[in-house]
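Visitor: Starting from the given sequences, assemble the full structure and let the hints guide the process.
Protein chains in written order, with our numbering: chain A, 1 to 97; chain B, 1 to 128.
Any given hint might turn out to be false.
Here are some of the chain A residues that sit facing chain B, going by a computed Cβ distance under 10 Å [said to hold, decoys possible]:
#1 Phe15
#2 Asp38
#3 Arg46
#4 His57
Pairwise CB distance ranges, derived in the manner of DEER restraints [as the list claims (entries may be wrong)]:
#5 A:Leu92 / B:Ala113: 20 to 30 Å
#6 A:Ile4 / B:Glu60: 37 to 47 Å
#7 A:Leu92 / B:Pro74: 42 to 52 Å
#8 B:Pro74 / A:Ala61: 38 to 48 Å
These are calculated hints, taken from the structure and not from any lab test.
Virtual Cβ for every residue (Gly too), placed ideally from N, Cα, C.
If you want the building blocks of each chain, they are given just below.
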Amino acid sequence: MSDIAAALDGLRQRFLVRSAEDWRLLRAWTARGAPPDDEMRRLVHRLAGAAGTFGFHDLSARAKETDDRLCDGLPADPKNAAALIAELRRVLDAPPT
Amino acid sequence: MTALNVLYVDDEPDIREIAGLALGLDPQIAANLAGSGAEALRLVRAARPDVVMLDVMMPEMDGPAVLKALRDAPETASIPVVFITARTQAHDRERLMQLGAVAVIAKPFDPMALAKELRAVLAQDAAA
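Guide: See below:
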């Protein structure tokens, strides 16, 4: 494994560990039905911008759907938020490659 | 290929680290990293990079605010800025270009292609 591949793999694992907490926070946020606070906006934006870099392109796409709305000052679409949470769960449950 | 000093600015540590590794795949690129707009301005003044790659959404001082600060100071006004953003709809790109960026690179980026993409947008800007 090249240096960058090894480094990427390490960062990918770190991303997955953090994503477990992201999943919990996203679930709690949608359960509350509250408008997103700054932490939630940053979480969604981070997933949109970062997940694909670690190879999780579908997760980035689902996060971007919600991120675009929040950045435009619109409320999150519950269907999009649910799809994001489901995709995040799928990523977390996937067997390691 | 010309040597290039790049300052990459992103508040996300993991993305910053990957960007540093990715830019390092080009042996002619020397990448410095900053985690905030304020740190970026300090490093720009100290090291005068050839190009600044700026995340758009950062707390406290976002990418456009950093660009404005660079443009407002004569000694840094001409340093090319490339925005890195997940907001890549046409109107978002247009807004960022109107602020004075030379290019917009989409997030998420491919680590294996980031250095080439940077070279390409800089060449495109130089040819324009």
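Visitor: If a hint holds in the structure, say so; if it doesn't, say that too.
Guide: Evaluation of the provided hints:
| no. | hint | verdict |
| --- | --- | --- |
| 1 | Phe15 | 6 Å, holds |
| 2 | Asp38 | 8 Å, holds |
| 3 | Arg46 | 6 Å, holds |
| 4 | His57 | 8 Å, holds |
| 5 | A:Leu92 / B:Ala113: 20 to 30 Å | 27 Å, holds |
| 6 | A:Ile4 / B:Glu60: 37 to 47 Å | 31 Å, violated |
| 7 | A:Leu92 / B:Pro74: 42 to 52 Å | 50 Å, holds |
| 8 | B:Pro74 / A:Ala61: 38 to 48 Å | 42 Å, holds |
Checked against the numbered hints above, the structure violates only hint 6.
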